[in-house]
Amino acid sequence: MSIELKALGKEYTAGNWVLEDVSAHIESGEFFAIVGPSGCGKSTLLRMIAGLIPISAGELQIDDQVATNLPPKDRKLTMVFQSYALFPFLSVTDNVAFGLKARKFPADEIKKRVDKAIDLVNLNEFKDRKPRDLSGGQRQRVALARAIASDVKICLMDEPLSNLDAQLRIKMRTELRNLQRELGLTVIYVTHDQVEAMTMADHIMVLHNHEIQQIGTPLDIYNQPANTFVASFFGTPRMNLLPARVEADRELLLANTLKLSVPEPLPVADYVVGIRPNALRLLPQGAGEPNAQVKTVEYLGSEIILEAELADGTPLELVAAAKDQYNVGDWLNVAIAGQAYVFDHDGQAQFMVEGGTRHATGNHASVQA
Amino acid sequence: MIQTKTRKPLRYLVLILLAIIILGPFILGFWTSLLPTADIAKGALWSTHISFANYAEAVKQTAILRYLLNSFVISTLTMAAQLLFCSLGAYAFVFLKFKGRDLLFYLILATMMLPFEAEVIPNFATVRQLNLLNHYAVMVIPFLTSAFGIFMLRQAFRQIPPELKEAADVEGLNHWQFYWRVTLPYARISLFTLAAYSFLESWNQYLWPMLTTFSDKFRPVQDGLRQLQSQETFNNWGMIQASAVIVVVPTLIVLFVGQHYFKNGLNEGATK
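If you read the protein sequences in the order shown, they are chains A and B.
According to our numbering, the stretch in the first sequence is residues 21 to 389, in order.
According to our numbering, the stretch in the second sequence is residues 7 to 278, in order.
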């Protein structure tokens, strides 16, 4: 049950494209996440695949068959909604059986499937309850059971975990993933939470500004972001994006403070350099001239997140070891000690500098100078 | 604390006063229905000749049971028709998309501004043309649907989360199935309310049946009561009062049952 999106587009009013040129291939049995900030059109895309919103341009194939204009029920898929969309007047069993009854399955077949689905999501004790008597997590499971009960192998999920509290969400992530593997479901999962996408998905599609920003595995997206949007969207704490200009032949000056050596000469232009907080090193105090001032300190237990400002006022996030003491107003000495991503002034990725040890000394020296 | 202590009795005092004002006439009416007409005529309200004789007489001598049956048939038919047609209309205004939908809805709303009295003459002309006078149909057909009912159910249907419709679409429910299996059960509290409302509305009709019915065979209760007064030459007030109480009882039952459902509905709540 693979799904093929061919240059899908959606316009509500003529010429006003909410989504443009969305192409992707989703393998059978894959967990495919669509991620983006709110309003990026990810739910619209999901509803276009489901058939709830008509497709304005392009072609949709499900299982190698054109499905662009098929009614939702003929697309052989199920959907799990953010609000769960349970029927408040039906018991858990009836909610799960709803679709099967609508499709006129024989009664014994319905019973068999419903029992199995309820069993899979561990809701046996709650079979006869109404949704209002269930907790958020249990309602979520009912919605899942309803999707599982039908034998279709494609399941669309629209932010199914975002109404749950943080701990339950983490637990459900694993459960959902295991269930998907166990049943061999093809899941298209919409979320605004990059952590959810990173931890669950086989492939991630990043949507922003009505377009695909990047499609790739979670590792690809984290390690080779295609542009500054993807770079700053994935990873906590966020990647620092620093304005940069060519300073010398093979050197960039970041935010008028930090120097970064590059392997080859760059044309003179404005650049943006992305550095994740964990790729920045805090030099011991007194090791050189300090270049950043602490603005806020967040203790996370295992580490400390520092928000600092570089000498020219550019904000910078840093990670420090939990054992160290920092106070607001402290001056720090920051050096690049890991990967740095160089983007052009439009935010498109150019190349990556393995800062690391090779350049660390150079940077270190230049910072000190 | 002090505030609530002084406020509570005050609140109850106001409530008791209001209750007396509202219930007073009814209690008085019920009391007089138990008294012989002679005592009522004398104004001897504290009489001790209490009996249900007036009721027995009303049932025996007048067509009150026939009036009750007529009203029951008319009200039940009207209620059923309004539930069906108002819910279908409201469904269209919420779940179907068509050109001029909102305009049409506002047009229907606008008809609520027209008092019924203003429609009486054209409606009368119409039903006479249709040869419907003096028949159940004349009291049901003009009230098959109501703008208020459509308005009320539209509001109720709009509360249904759009995800339920989407979920139903994915499962392949057509409009009729969604209407029957989701919309109606979801909005059943509003449906009960509309049922009670339309039943009472119909039960308490006076002007229209007065114009369109000429025989006891089809006359509903309210006009029947009026009829009793003119028929009985000696104006048997005790019996008329007893008939009035008989007529009010179904109203009270509907209100009581309706209130019970309404309370249940409030507790039921929707699940997010």
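None of these hints come from the bench; they were simulated from the model.
Note that the structure is a prediction, hence the values are computed from the model and not measured.
Using N, Cα and C, we set each Cβ at its ideal position, and we do this for glycine too.
One thing to keep in mind: the hints can contain errors.
Unchecked claim - To give an idea of the chain A side of the interface with chain B (calculated C-beta under 10 Å), a few residues:
hint, residue
1, Trp37
2, Ser103
3, Arg166
4, Gly367
5, Ala369
Unchecked claim - Straight-line distance between alpha carbons at most 20 Å, and here's what the computed SDA-like set of lysine to any residue pairs gives:
hint, chain 1, residue 1, chain 2, residue 2
6, A, Lys121, B, Glu172
7, A, Lys121, B, Phe32
8, A, Lys315, A, Ala268
Checked hints:
Interface restraint check: Trp37 (chain A) against chain B, minimum CB-CB distance 22 Å, threshold 10 Å, status violated. Contact between Ser103 (chain A) and chain B, as hinted, is supported at the beta carbon level, the nearest pair being about 5 Å apart and thus within 10 Å. Look at Arg166 (chain A): its Cβ gets to within about 8 Å of chain B, closer than 10 Å, so that hint holds up. The beta carbon of Gly367 (chain A) is not positioned within 10 Å of any beta carbon in chain B (closest approach about 35 Å), and the interface hint is therefore violated.
A least Cβ separation of about 37 Å between Ala369 (chain A) and chain B goes past the 10 Å threshold, and the interface hint is therefore violated. The straight-line distance between the Cα atoms of Lys121 (chain A) and Glu172 (chain B) is roughly 17 Å, inside the 20 Å bound, and the hint therefore holds. The straight-line distance between the Cα atoms of Lys121 (chain A) and Phe32 (chain B) is roughly 52 Å, outside the 20 Å bound, and the hint therefore fails. Restraint check for Lys315 (chain A) and Ala268 (chain A): the C-alpha separation of about 31 Å exceeds 20 Å, so the hint is violated.
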